[in-house]
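J.: Chains C and L supply the protein sequences, listed in that same order. The numbering of the first sequence is my numbering, which starts it at 38 and goes up by one. The numbering of the second sequence is my numbering, which starts it at 38 and goes up by one.
The hints are simulated quantities; they were obtained by calculation from the structure and are not laboratory data. Model, not experiment: these values are computed from the prediction. Certain hints may be false.
Because identical chains cannot be distinguished in the list, a pair is counted as satisfied if it fits within a single copy or across any two copies.
[To be verified] Here are the computed lysine-lysine pairs in the DSSO-like style, where the Cα-Cα straight-line distance is at most 30 Å:
no., residue 1, residue 2
1, K63, K187
2, K77, K303
3, K288, K316
4, K303, K221
5, K77, K209
6, K68, K318
7, K127, K303
8, K200, K221
Residues per chain, in single letters:
Number of protein chains: 2
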Amino acid sequence: MKKLQDLTFAMIGLGLIGGSYAKALKNLKVKNVIGLDRNKVVTLMALDEGYIDEGCLDSLEPLRQADVIIATLYPANLVEFVREHVQYFKQDVLFTDVTGVKSNLLEQVDALLGAGRDFVSGHPMAGREGKGYGQSAAEIFNGANYIVIKREVNQPEHVQWLKDFALTLGCKHVVEITAEEHDKIIAYTSDLPHVLALSLVNSASLTPNTKYFIAGSFRDATRVADINGPLWADLFLYNKVGVIAEIEQYKKELDKWEQLLRADDKQGLLEYMEAAKQKRKDLFNAKNYR
Amino acid sequence: MKKLQDLTFAMIGLGLIGGSYAKALKNLKVKNVIGLDRNKVVTLMALDEGYIDEGCLDSLEPLRQADVIIATLYPANLVEFVREHVQYFKQDVLFTDVTGVKSNLLEQVDALLGAGRDFVSGHPMAGREGKGYGQSAAEIFNGANYIVIKREVNQPEHVQWLKDFALTLGCKHVVEITAEEHDKIIAYTSDLPHVLALSLVNSASLTPNTKYFIAGSFRDATRVADINGPLWADLFLYNKVGVIAEIEQYKKELDKWEQLLRADDKQGLLEYMEAAKQKRKDLFNAKNYR
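Looking at chain C on its own, in the form it has when it is part of the complex (with noise of 0.2 Å):
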């Protein structure tokens, strides 16, 4: 691979994540960085603001110079934008996304690109509140974890790039597994907290006053329910198998708030309470997280 300034980049995508992307590159001082988004009045911005040295507006064709292309898509279209697009990639080119679930997504993605094209795809663990260009940020990256699928189809050079890129991005952590550890790992430490989040203010014991008597616990339980759902809809769907096995697993530990009420068993809830402090206080201390 060539040195990261001099590789041509393309950005398939310029919301959240495709824009925090196209930034970061920026003030990496990589001197060409292609950019397309659905929607054209983006791609003009990220343009204009300089993000972007060449935008795809009417055609595709400036896709053929990228050594890296970087798909910010949503798990429905990932597919769908290869099929219809692949012709404008470069024979070795390297191909990656940031889809939140893998399922059976990368082996559809590599029968389209063919042999040569390599697909070596990631996960970074970064974002924040709000979608679209307008929140994106090269910062998001900082301090982050970056997931890098394990596969055997791909050029170890290419696997070794992205693992220093994420790093180069300003990740902390760059961790490789497989596409069905990532799943079935995803399902309890994104997808469900949505679930939950979502569960309690759907809750039927929601009504017009219970606004007078939220404090911080309510509000942080339910922060994620402001949802892109579209995205959502999918992340959810494609990973329905962990999703549903991770709310089993949930309601068994309701069940045991359940017991330890009805039997009045202070010493067992005092017991729970520490348990789960102290595995917070693991998770976070282990400063593996900003």
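Following the hints, put chain L in place on chain C, whose structure we already have.
T.: Chain L alone, transformed into the frame defined by chain C:
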């Protein structure tokens, strides 16, 4: 009632909440604030910092001067404290609390106080992370909701005084409800979010590797797992009927998720998320919450 500044206040407990009252009272230029904490070092510190004018160190005699007593004790300690020390309360004292669960505590305290002494129960929906005097701050009341418990036994002028006092502290809304309503609503808006956070951390899905896969949603969803166990064991147990009811209600939402996912019902998921998003927006746009 005398002018606020001329009343003698006694703070029973100088932790996060009690210390915050003491600091707020001094901001309001109240001339005489008596303080008492089971930890004498805390009492000495509050004296040294000038947030209280007199501390109960070796005797509770100073309490005899108090026109208003604000008890910021754990539920189980509230009744116990009144039982042991009611002889130091003025015959016409206005006694108030901040207890997060009301249950049958109010009647127990009434019986101990006897006629003349008036227990107007309250619950400021104010707080912050951590615990103890060191975390206390007058600002926790700013923009918060303050619940006043509606009871026939109280003197109307005392109830009005507490409502006015809450606004003077900086609270934005005062709501009057019965003890039963209080506990029912708090089971949903406060107890349940704590149950959910603790359960997420304690799920069997957590492994030593989880730390590499967490982003904002998991962090937010588990923030309150850093919990004051002895306090919350009381809050949960005194409100156990309500908490169990809320857990049961919540499980119905989780069941809906499983149905939607099993049925691959994308439209249903979109509608579910949209409803939650809208409800949360209404909740927080109502500007009844800081």
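J.: The structure should be examined with respect to each hint, and the outcome stated for every one.
T.: Hint check:
| no. | hint | verdict |
| --- | --- | --- |
| 1 | K63 with K187 | within (28 Å within a copy, 61 Å between copies) |
| 2 | K77 with K303 | between (60 Å within a copy, 28 Å between copies) |
| 3 | K288 with K316 | both (19 Å within a copy, 24 Å between copies) |
| 4 | K303 with K221 | between (34 Å within a copy, 21 Å between copies) |
| 5 | K77 with K209 | neither (33 Å within a copy, 44 Å between copies) |
| 6 | K68 with K318 | neither (43 Å within a copy, 42 Å between copies) |
| 7 | K127 with K303 | neither (65 Å within a copy, 35 Å between copies) |
| 8 | K200 with K221 | within (21 Å within a copy, 51 Å between copies) |
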